[in-house]
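S.K.: One-letter residues, chain by chain:
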Amino acid sequence: MKTTLKIAWRNIWRTPLRSLIVIGSIVLGIWAGIFVVAFCYGLNKQRTTSSIESAISHIQIHHPEFRENFESKFVLENPELLKTTLQKDEDVQAYALRSLLFGMINSPIKSNGVQIIGVHKDEERNVTNLHTKITEGTYFNTKRKNAILVGEALAKKLNVRLRSKVVLTFQDQENNIISGAFRVCGIFKTQYTRYDENHVFIQNKDLHRLVKTESYHQAALLCNTLEQVESTSQSLQLQLKNYDVKDWKRISPELAYADEVMETWLFLIMVIIMLALIFGIINTMLMAVFERRKELGMLMAIGMNKSKVFLLILTETLLLALVGAPTGMLLGALTIKITSKTGIDLSMVGEGLQSVGLGNIIYPVIDPKFYLFIGVLVFVFTLISAIYPSKKALKLKPTEAIRTI
Amino acid sequence: MEIIKTTNLSKLYKNNDLEVQAVDGVSLSIRQGEFTAIVGPSGSGKTTLLNMIGGLDSISEGSVEIAGTNLNTMEENELIDFRLKNIGFVFQAYNLIPVLTAQENVEFIMLLQGIPVEDRKKRSEELLEQVGLAEKLKVRPNQLSGGQQQRVAVARALASKPRFILADEPTANLDSQSTSKLLDIMAEMNKKENITFLFSTHDQRVIDKARRIITIEDGKIISDELP
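Here the protein sequences line up with chains A and B, keeping their order.
Everything in the first sequence is counted per our numbering, starting at 1 for the first residue and increasing by one.
Everything in the second sequence is counted per our numbering, starting at 1 for the first residue and increasing by one.
The reader is advised that the hints may include incorrect statements.
Here are the simulated EDC-like pairs of lysine to aspartate or glutamate, each with C-alpha atoms no more than 16 Å apart in a straight line [claimed, not checked]:
hint, chain 1, residue 1, chain 2, residue 2
1, A, LYS395, B, GLU118
2, A, LYS2, B, GLU76
3, A, LYS308, B, ASP81
4, B, LYS192, B, GLU34
5, A, LYS306, B, GLU34
6, A, LYS306, B, ASP208
Hints are computed from structural coordinates only; laboratory data are not their basis.
Values in this document were obtained by computation on a predicted structure and should not be read as measured data.
Please construct the entire structure, taking both the sequences and the accompanying hints into account.
M.R.: Put into structure tokens, the structure is as follows:
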């Protein structure tokens, strides 16, 4: 094997330019593949993180029937028991009780359908990053009653500004129409324009005063780490049998689904890149076999059997990939290391990105196991690409090959 | 002891409607230690005969027996293995592996035979010394002259300790000095070590050195002389 390796290694450098071109294409292909994958993962991670941090949180708890039609009568029973259970759970970092209602927001000139979210400002601060998204005014930092936070997109739509008065209209648990006047104390802007357009935040105490009852529809909670979410969700569901406990993947399946779809896409992208590389490798190896048919014929004549000739061509092909692939991976890893810190500024298409819940700067990220996947993929595809040139070599007849000038 | 025996050996090349009888009913016998030249004009069938004896070309009719083993019935892989163990080849165009040094070229065939590394090294050094290339062990073929490359090829052919060596026009690309040196080396090995050589040639210098001359024309033996 050592001699086969030695011959194969020296053979690939018999035509350095040609070998360098094919190695270069492998490096470039793998680098591009890794970068595209990391970029897409970065996009997806940002979308997921943004959704979790600004709205969904890790786990949500509702009345078992609430999520069917979002009817306000399905409130969380015995919130005190719920609070005690959540406080006892060591994996739960923070929680916030919310009231959720659907209604209309009216400004003097326009109205819009919105989800009204009643929050406790301090609890909410520990669970979501809404307080960091205030672009004008404050995060409920007012002594006045009936303060409201509206999204920048909604404010623009309703033509309201800070301290403008708006009226919220919604149904209470007995289906009575309730209206209340609120004053804009803050304008927020998340990464998701559509979310900003359809959600408003008020304080629970103001909402409870209007509906004359202290009830909640949702407990949103944050775990210490993302890895704890699934087990915590399952353990809470066992403890809270009369509640519906769901983690973010079940609350927002499109986010989890996007991960799966992305993985399939990225796999396809890598396969397409590898397919393109295969043709380059096959072409190079075919040329090498064609040029050396006299030599290969001689080897078979003096007693090198077919499996060894096959192994020689296979080794040469693998060596081309073994030089190119790690270099491509290294370049890819370096690029990701740099761009994961600096980010990639896409502000020129920022508006489009925000409409799908993304920021202007994307931070590429990659799971280290992806490198292993690429390694396996390169190995498999190189083996495949070695088959045709090797078969061509095996078809050579020693007498005909030796006669070749 | 008879090493090579051909009986009514024929080779017919067919290309569409064109048929060429390259070798036509050749029966011959070569004994251990012979230094034989097969001579004849270009296209007379010398190389085809040698290729069939070496198991490189298929046989249309007749048979080839090497030390009692009939080559006709062997599969391709069996033939490759048989060649490795029994036959040494010296080609007209040297056909060394260009990426290996002279010593590695000689060692390579022993590597295929599974001979341990120390034994390979020792034997390759001895053989290259015998062919006068002790100073060129680490030199690659492109840094050697044609004569030197052919001497490496002879050393390579001997490395596997074959029953006999087939040399197809070994001096065709060599100048007279290189030819003379190469022939001296081969003649000495034949004499000292009783190694059997079978040449195809139309080089008078080789014919002069040969102890048996088989003349072939239109695929048939027309004379078999012991000068």
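S.K.: Which hints from the list above does the structure break, by number from lowest to highest?
M.R.: Checked against the structure, the hints that fail are numbers 1, 2, 5, 6, while the rest are satisfied.
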